[in-house]
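Number of protein chains: 2
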Amino acid sequence: MKEALEVNVARRWLLAASAGGAAAGLGGFSSPSLAQARPLPPVASFKDASRVIVHSASGIETQRSAFGTSGITDTDILFLRNNIAAPDAAIVANRDAWQVQIDGVTQPRTLTLADLKRIGLSSVAMVLQCSGNGRGFFAHKASGSQWKVGAAGNTLWSGVPVRDVVAALGGVREGMRYMTSTGGETFPPGIDPQKVMVERSVPWIAMEEALLAWELNGEPVPLAHGGPLRLIVPGYYGVNNVKYVKRVAFTVDETSATIQKSGYRVRDIGRKGDPTQPTMWHMNLKSFVTGPAGGETLRAGPVQVHGVAFTGGSPIKAVEVSVDGGKSWQAATLFGPHLGRYAWRQFVAQVTLGAGQHLITSRAIAVDGTVQPELRVENERAYAHNGWRDHAVAVTVA
Amino acid sequence: MKEALEVNVARRWLLAASAGGAAAGLGGFSSPSLAQARPLPPVASFKDASRVIVHSASGIETQRSAFGTSGITDTDILFLRNNIAAPDAAIVANRDAWQVQIDGVTQPRTLTLADLKRIGLSSVAMVLQCSGNGRGFFAHKASGSQWKVGAAGNTLWSGVPVRDVVAALGGVREGMRYMTSTGGETFPPGIDPQKVMVERSVPWIAMEEALLAWELNGEPVPLAHGGPLRLIVPGYYGVNNVKYVKRVAFTVDETSATIQKSGYRVRDIGRKGDPTQPTMWHMNLKSFVTGPAGGETLRAGPVQVHGVAFTGGSPIKAVEVSVDGGKSWQAATLFGPHLGRYAWRQFVAQVTLGAGQHLITSRAIAVDGTVQPELRVENERAYAHNGWRDHAVAVTVA
Numbered sequence: 292m293k294e295a296l297e298v299n300v301a302r303r304w305l306l307a308a309s310a311g312g313a314a315a316g317l318g319g320f321s322s323p324s325l326a327q328a329r330p331l332p333p334v335a336s337f338k339d340a341s342r343v344i345v346h347s348a349s350g351i352e353t354q355r356s357a358f359g360t361s362g363i364t365d366t367d368i369l370f371l372r373n374n375i376a377a378p379d380a381a382i383v384a385n386r387d388a389w390q391v392q393i394d395g396v397t398q399p400r401t402l403t404l405a406d407l408k409r410i411g412l413s414s415v416a417m418v419l420q421c422s423g424n425g426r427g428f429f430a431h432k433a434s435g436s437q438w439k440v441g442a443a444g445n446t447l448w449s450g451v452p453v454r455d456v457v458a459a460l461g462g463v464r465e466g467m468r469y470m471t472s473t474g475g476e477t478f479p480p481g482i483d484p485q486k487v488m489v490e491r492s493v494p495w496i497a498m499e500e501a502l503l504a505w506e507l508n509g510e511p512v513p514l515a516h517g518g519p520l521r522l523i524v525p526g527y528y529g530v531n532n533v534k535y536v537k538r539v540a541f542t543v544d545e546t547s548a549t550i551q552k553s554g555y556r557v558r559d560i561g562r563k564g565d566p567t568q569p570t571m572w573h574m575n576l577k578s579f580v581t582g583p584a585g586g587e588t589l590r591a592g593p594v595q596v597h598g599v600a601f602t603g604g605s606p607i608k609a610v611e612v613s614v615d616g617g618k619s620w621q622a623a624t625l626f627g628p629h630l631g632r633y634a635w636r637q638f639v640a641q642v643t644l645g646a647g648q649h650l651i652t653s654r655a656i657a658v659d660g661t662v663q664p665e666l667r668v669e670n671e672r673a674y675a676h677n678g679w680r681d682h683a684v685a686v687t688v689a
Numbered sequence: 292m293k294e295a296l297e298v299n300v301a302r303r304w305l306l307a308a309s310a311g312g313a314a315a316g317l318g319g320f321s322s323p324s325l326a327q328a329r330p331l332p333p334v335a336s337f338k339d340a341s342r343v344i345v346h347s348a349s350g351i352e353t354q355r356s357a358f359g360t361s362g363i364t365d366t367d368i369l370f371l372r373n374n375i376a377a378p379d380a381a382i383v384a385n386r387d388a389w390q391v392q393i394d395g396v397t398q399p400r401t402l403t404l405a406d407l408k409r410i411g412l413s414s415v416a417m418v419l420q421c422s423g424n425g426r427g428f429f430a431h432k433a434s435g436s437q438w439k440v441g442a443a444g445n446t447l448w449s450g451v452p453v454r455d456v457v458a459a460l461g462g463v464r465e466g467m468r469y470m471t472s473t474g475g476e477t478f479p480p481g482i483d484p485q486k487v488m489v490e491r492s493v494p495w496i497a498m499e500e501a502l503l504a505w506e507l508n509g510e511p512v513p514l515a516h517g518g519p520l521r522l523i524v525p526g527y528y529g530v531n532n533v534k535y536v537k538r539v540a541f542t543v544d545e546t547s548a549t550i551q552k553s554g555y556r557v558r559d560i561g562r563k564g565d566p567t568q569p570t571m572w573h574m575n576l577k578s579f580v581t582g583p584a585g586g587e588t589l590r591a592g593p594v595q596v597h598g599v600a601f602t603g604g605s606p607i608k609a610v611e612v613s614v615d616g617g618k619s620w621q622a623a624t625l626f627g628p629h630l631g632r633y634a635w636r637q638f639v640a641q642v643t644l645g646a647g648q649h650l651i652t653s654r655a656i657a658v659d660g661t662v663q664p665e666l667r668v669e670n671e672r673a674y675a676h677n678g679w680r681d682h683a684v685a686v687t688v689a
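Taken in order, these protein sequences are the chains called A and B.
Convert by adding 291 to the 1-based position in the first sequence; the result is the number in the numbering used here.
Convert by adding 291 to the 1-based position in the second sequence; the result is the number in the numbering used here.
Fair warning: there could be bad hints in the mix.
Said to hold, decoys possible - Dumping the calculated DSS-like pairs for lysine-lysine here, alpha-carbon to alpha-carbon at most 30 Å:
hint	chain 1	residue 1	chain 2	residue 2
1	A	K608	B	K408
2	B	K608	A	K608
3	A	K408	B	K618
None of these hints come from the bench; they were simulated from the model.
Only chain A is shown next, with the shape it has when bound in the complex:
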């Protein structure tokens, strides 16, 4: 249902767009040459079209070469993925009036954004990553945007800690096991809300580091990215970071919304989603090279291979780089500010390349000894790809 709706939204937009046109709409999402020709959707008109890949009206990816080496992903290149269309821009006309209902606490209450700003303030650097990032490397043509590496970014959010809000309302009620949050999207009439609403449950303890955030990278959260208010759950895949959040409830059970019950479930190819399968919560250990970005012709000699490493689990301990497609590895150096365990770390390794073709990739190692795997885990929706082999880039040395 979710994917069908996305297709419909995207098709309408493509048919209406002046460039790209109907042919692209019929062809679907993922051809790079078509994708790069697509215009930015209106809600994301502020993006830098020269440094992103537009997959659809609700799917925009950062180009691998655009990440740079400063550590933070600018909002104007940050990936965009909306499960359903953003609400009307009227909701960001008076941001402080936005309301969020807090339930499952001793004193349930509806608070405005202005109220939240009086309760507390904090900030976190964290990787925001779509569950399907890397889908474009799978062979079975899973539905959804065919992301390569760029449905991820390292972002700064600020707002009020959820734990401060909860404390102000007397604490979480006894027996609650989940933090269940609801997005403020609206749906066309005749659609069953359960099937399309963005309502996600995460373990309640995630509230300890979660924010109700009104600022992204120094500016009020843009509508496209969930403004005026977005729930931020560091270390969790993007879908759990509910946009336009209108309710945060501590609940005994997971929500029965389709997006939780059968959506975002990891299962074998060909199987339907169900609640017994793992859901997309914590991000796994991952790294990829951002420079060279692939396809370049380089001079022989020293090259600084750089990239990013991140995880929603045990912190990054080290990164290794290979220039021979994984036959041999050398240690990389982590560099730049350490923005905290939910942010990505930048790495660099000096390699020396002779004439010929080189396949360059990286693998991250966590403090608990986990090593980023070589291969993807095949799964129906092509989620959670962290295999280093597919993420390699090819360069030619003249």
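Dock chain B against chain A, hints included.
Positioned in the frame of chain A, the structure of chain B alone reads:
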């Protein structure tokens, strides 16, 4: 000379500008109402006009209310201060071809930006601050832009560590005491280069943390901010971070350029600059409140007072906030990612405000026990203002 040239550049630009007009040009630099009406100069057309104050063609300040709470200052609101006009934009058309001469090392050499990229890579978060930030609080009408708090920003730079370049060229020659760097600006014919060139010397040991940087906040350094290549000297005032750097030389003596010899020297009001006076190197301990930004009318009750604290010396240990103009103080909490000792730290304190007027300010305390002072040190050019009294903001609670 420097100031005179700035006035001339600014006057020409103001006369040519379609908005603002000749009247503003005659009036000089600092009237806030006129300043806000001035258009952005062409070299800084990418700035967000709604969140900066344009003092002149070479002086743009971030509005206090624009800093936000995410920790990094976006390039589109970052202050701008050019001693002389930027070189022609042709120099950023082929960035990798930019050349920098390295002298005072065992093997002096001219390197291109492409060469530098092969030598090493690192990144630093640091406060970039104009020596004259806070000049607008002085009473004696010192020449130069009348900055309040916004000639400072917290920025991410990446490039090659100067120490890596030096190591590649055999190390610093024996007996060198300074790192002397020269900007690539060009001057109108008939002007003595010594009098206008941007050439600054800093203690040679500063090279240990300095970068030759080609990236600012994730993008190639804009021309206005010194692209294609800028020397970054963390902890030092802005002027030492030489733009369009074309030469880095390790030298026995400080440069005899006017900007070093008599410019940027701290002296009593009415005295001329000379080399016996302190030069603007390390930044002093400073903090200021960024929210409330001043002038607001607030509801009675709790308010989250937030701001930033930074230093070029002993690291920040704590920050205190006062809501009664400095009669009493309470501890603030440092929050958000710790970006390293040269970055600013964000602080927040929850205060409770009753009806009436409140004068809100902050003071930083360093690890070595230094406390940000109450008062400015009067000096001819109005440099280095870190007094907490002048930096206070006034709010009214209805």
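Hint check results:
Straight-line distance between C-alpha atoms of A:K608 and B:K408 comes to about 26 Å, which keeps the hinted pair within the 30 Å bound. Restraint check: the Cα-Cα separation between B:K608 and A:K608 comes to about 28 Å, which is no more than 30 Å; the hinted pair holds. Distance check on the hinted pair: A:K408 and B:K618 sit about 26 Å apart at the alpha-carbon level, within 30 Å; holds.
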